[in-house]
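Participant: Here is what each chain is made of, one letter per residue.
Number of protein chains: 2
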Amino acid sequence: MNEHTVKAFDEDIGELRGLIAQMGGLAEAAIDASMDALKRHDLEAAARIIDGDKQIDELETEVERLAVRLIALRAPMADDLREVVAALKIAGVVERIGDYAKNIAKRVAAIDGHSVIEPLSLLPAMANMATDMVRNVLDAFAARDPEAAVRVCEQDRAVDDFYNSIFRTLVTFMVENPKSISQAAHMLFIAKNLERVGDHATNVAEMVYYAATGDHMGDRDQGDTVPLAGS
Amino acid sequence: MNEHTVKAFDEDIGELRGLIAQMGGLAEAAIDASMDALKRHDLEAAARIIDGDKQIDELETEVERLAVRLIALRAPMADDLREVVAALKIAGVVERIGDYAKNIAKRVAAIDGHSVIEPLSLLPAMANMATDMVRNVLDAFAARDPEAAVRVCEQDRAVDDFYNSIFRTLVTFMVENPKSISQAAHMLFIAKNLERVGDHATNVAEMVYYAATGDHMGDRDQGDTVPLAGS
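Those sequence lines, one after another, are chains A and B.
Numbering-wise (our numbering), the first sequence opens with residue 1 and increments by one.
Numbering-wise (our numbering), the second sequence opens with residue 1001 and increments by one.
By construction, these hints were calculated from the structure, which means they are not laboratory data.
Just to be clear, a hint being listed does not mean it is correct.
Unchecked claim - Below, computed lysine-lysine pairings styled on DSS-like, alpha-carbon distance capped at 30 angstroms:
#	chain 1	residue 1	chain 2	residue 2
1	B	Lys-1089	A	Lys-106
2	A	Lys-192	B	Lys-1179
3	A	Lys-89	B	Lys-1054
4	A	Lys-7	A	Lys-106
Computed from a predicted model, the values in this text were never measured in an experiment.
Isolated chain A (complex conformation) (with noise of 0.2 angstroms):
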């Protein structure tokens, strides 16, 4: 690659991880508001949260034609090119972060705060969890710094012990109050997707940290928290 190549091409990926960068605070503030609105029963903002994922979705679109483009035109080769594919599938992954939080704002109608309050305190907490993760990986993604990435995976399990005791004690309130049962679903949703942001976030850190390395971070527990049976 002659200089000018090489400038095009830093100049390209530097957009590509603004692009990133602006789909996770984007996504992130989805999250945020979708706790809020859940909070105060607000449908208008619910339905503010579900349109705004469009936006999020347009920024993937861009990414991907851009890490196309970007391949086809400058052919980068090894560390490069691996930087550019982490690049679309971090772009993928933020996207689906940014679904969960439209799932929870399409929820926040079938939630009636008073009826379901002790629960219901125990979202945001995980919540913030999540997004702090979510946060800290795209930090890692800009800094390219493997050890931040390690240290978001470690955050993962905290996120999967908090799911699991909200998984039991929704449980143990439906028992209680069958009535609310239906609510309480929905909640058993809505802690299940954040779960699913924590692991995603995961996820990205180890892209992050393959495109950093070169190397797998090695073979973690990936996928769906799934508590014990009986508890």
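Got chain A; can you put chain B on it based on the hints?
Facilitator: Using the frame of chain A, we list chain B on its own:
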């Protein structure tokens, strides 16, 4: 492109299609097997499904490697590039469908068929509808058939209706059987996983349509199905 390049591209894209067909077959079989393990409370079969998911993940990595090589070396334009990007994204979605089978398998231990016979009988029928969509959409991809892709999207409505009906059945069951609430909650997640399989097949259908025609199928309602409050 000269004749040699065209032929090499066709071979590569054929290999991509073959890998995706293989992934789809494995994902479909994993969902069927998870229903079977659930009905028979077969923990060994469940463990095999969980372990087998790695194979689908490895195939996705192979698709990525091949697609990136194809874009970088052959620099495909317009229609061809659209098809490679579609293949890349479709592989990602099929990998997620495999994850749902794994997640269902993880819940086998938490569900004892004897105490939840009634709602348990509904899940395999829903699973059949969802895997039918997966099979049809991968056939549509192999045949580059946009009309078949549209039909897959239409099938998704039936899966969503089924999900809403299972949600109501399970909530009623929980009210009447407070001791089985934890198990019923796991079944709710299984039903939700199957509903998401249908959504993902719909996403793939839209990619197949776009890859084949260059047009978007139109703004269909996507994402999480949330039954109405009080249902």
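Participant: Could you grab the alpha-carbon distance between Lys-1089 of chain B and Lys-106 of chain A and see if it respects the 30 angstroms cut-off?
Facilitator: 26 angstroms, holds
Participant: Starting from Lys-192 of chain A, check that the Cα of Lys-1179 of chain B is at most 30 angstroms away, please.
Facilitator: Judged against 30 angstroms, a Cα distance of about 22 angstroms means the pair holds.
Participant: Is the Cα-Cα distance between Lys-89 of chain A and Lys-1054 of chain B 30 angstroms or less?
Facilitator: 19 angstroms, holds
Participant: Taken at face value, is the distance from the CA of Lys-106 of chain A to the CA of Lys-7 of chain A at most 30 angstroms?
Facilitator: Roughly 44 angstroms separates the two Cα atoms, so the pair is violated.
Comparing the model with each numbered hint stated earlier shows that hint 4 is the single one that does not hold.
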